[in-house]
Amino acid sequence: MENILDFLLERLKDGLLPWAAQKEAAELFGWSYAAVEELALENGIFPARYQRNRNMISVAEQLQLFRSSVAVIGCGGLGGYVIEELARLGVGRIVAVDPDIFEEHNLNRQLLSSPGNLGKPKVEAALTRVNEINPAVTVTPIRDAFCTANGPELLEGVTVAVDALDSIAYRLELAETCTELGIPMVHGAIGGWYGHVTTQLPGDSTVQSIYRNWVEGKGIEKHLGNPAFTPAVIASLEVAEVCKIVLGKGDLLRNRKLSIDLLDMEIHEIPCGVPLELVSAA
Amino acid sequence: MHIKVKLFATFRNGRFKEAGQERQEGTNCRKIILELGLTEEEIGIILVNGRHASLDHLLQDGDTLSLFPLVGGG
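Which chain is which? The protein sequence lines are A and B, in order. For the first sequence, the residue numbers in our numbering are 10 to 291. For the second sequence, the residue numbers in our numbering are 201 to 274.
Hints were generated in silico from the structure; no laboratory data involved. Virtual Cβ for every residue (Gly too), placed ideally from N, Cα, C. Fair warning: there could be bad hints in the mix.
To be verified - Derived DEER-like restraints, expressed as beta-carbon distance ranges:
| no. | chain 1 | residue 1 | chain 2 | residue 2 | range |
| --- | --- | --- | --- | --- | --- |
| 1 | B | A219 | A | H232 | 18 to 26 Å |
| 2 | A | R63 | B | E218 | 26 to 34 Å |
| 3 | A | L116 | B | L236 | 33 to 41 Å |
| 4 | B | T264 | A | R63 | 45 to 53 Å |
| 5 | A | A69 | B | D256 | 26 to 34 Å |
| 6 | B | L236 | A | E162 | 43 to 51 Å |
Stated by the list, open to error - Covered stretches of chain B, as calculated for chain A (at least 3 residues, CB under 8 Å):
| no. | segment |
| --- | --- |
| 7 | 206–215 |
| 8 | 232–244 |
| 9 | 255–269 |
Using the sequences and the accompanying hints, generate a full structural model.
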């Protein structure tokens, strides 16, 4: 049988690998779509689906994204958009964690929800959606609530964790687990017209700093709920941070939080978690 | 003493975005928050002159106090 790489090279169009050829190779050689995609990227071949990434993400960087694994904790308002964007970006592995099923009040904003999947687990919808839009991406659906007890297992081998939770208590548990495991965490939270986003790298205590005044319960989202657009905005900012963490480029939202007000259209940068200046021992 | 209070997000509803206030020396952040009709539980972030401060922080003449509500949805 012909070598699979030669098979791919013969089918390039304008230097790009068409999806039809990737699919044909997978079927003919008995490889997964993911394995074909990795082989292509390793050999400097851009799958055609990523051609509009090309002038901002090199083929080597596209391979870095493919080899990364991102945990999305929560598959509701933020999580639905985060998963969609990670899959389209070409992140190779997504661990989707959520204990819940879709309910009718999710339909105003949660990308993965539809009348047809009410009552079905959110993580199952995540798997179905990603298989539909980018079959080269591997989704691990975990229908469970994240906590410090199961955290180390859920985050094993993960490059970045994305906070798409709707509970401050669980967020603090995620932040604690990420600190313990040395995993970067992108934190986002929303309520009504408002939201914020930040990035916590191992050793930082940014999320704890943001919620330093929290005692119990929910924030403004309890009364305001959430509309269609706020999760999309904050989720997109979170994914941009994930992309930059994986690729090691740009300036991260480290030690600062962007606070976004979509009603008055204001963005404020708040210093967060900047350590106190150390007194020199000398 | 004269201070400036800046409110963000839902804290602006029925109040103001920014206002100058005359206060007695020794006023802390908690006192201002309660006088605004806010509760401690609603408070997300307190900044004094752009730096994080606690409820007990004593304000000085010329300070700017910024208050952000707690946001935790997803």
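Here is how each hint holds up against the structure:
Separated by about 24 Å at the C-beta atoms, B/A219 and A/H232 satisfy the suggested range of 18 to 26 Å. Range check, A/R63 to B/E218: about 46 Å between beta-carbon atoms, so the 26 to 34 Å window is missed. For A/L116 and B/L236, the hinted distance range of 33 to 41 Å is satisfied, since their beta carbons lie about 36 Å from each other. With their beta carbons about 46 Å apart, B/T264 and A/R63 fall inside the hinted range of 45 to 53 Å.
Evaluation of the 26 to 34 Å hint for A/A69 and B/D256 yields a failure: the beta carbon distance comes to about 52 Å. Checking the proposed 43 to 51 Å range against B/L236 and A/E162 shows it holds: the Cβ atoms sit about 45 Å from each other. Remark: the segment 206–215 of chain B is confirmed as covered by chain A, as 4 of its residues place a Cβ nearer than 8 Å to a Cβ of that chain, reaching the required three. With a threshold of 8 Å between beta carbons, the proposed coverage of the segment 232–244 of chain B by chain A holds, since 5 of its residues qualify and at least three are required.
Counting residues of the segment 255–269 of chain B whose CB lies closer than 8 Å to any CB of chain A gives 3, which reaches the minimum of 3, so the coverage claim holds.
In terms of the numbered hints stated before, the structure departs from hints 2 and 5, listed from lowest to highest.
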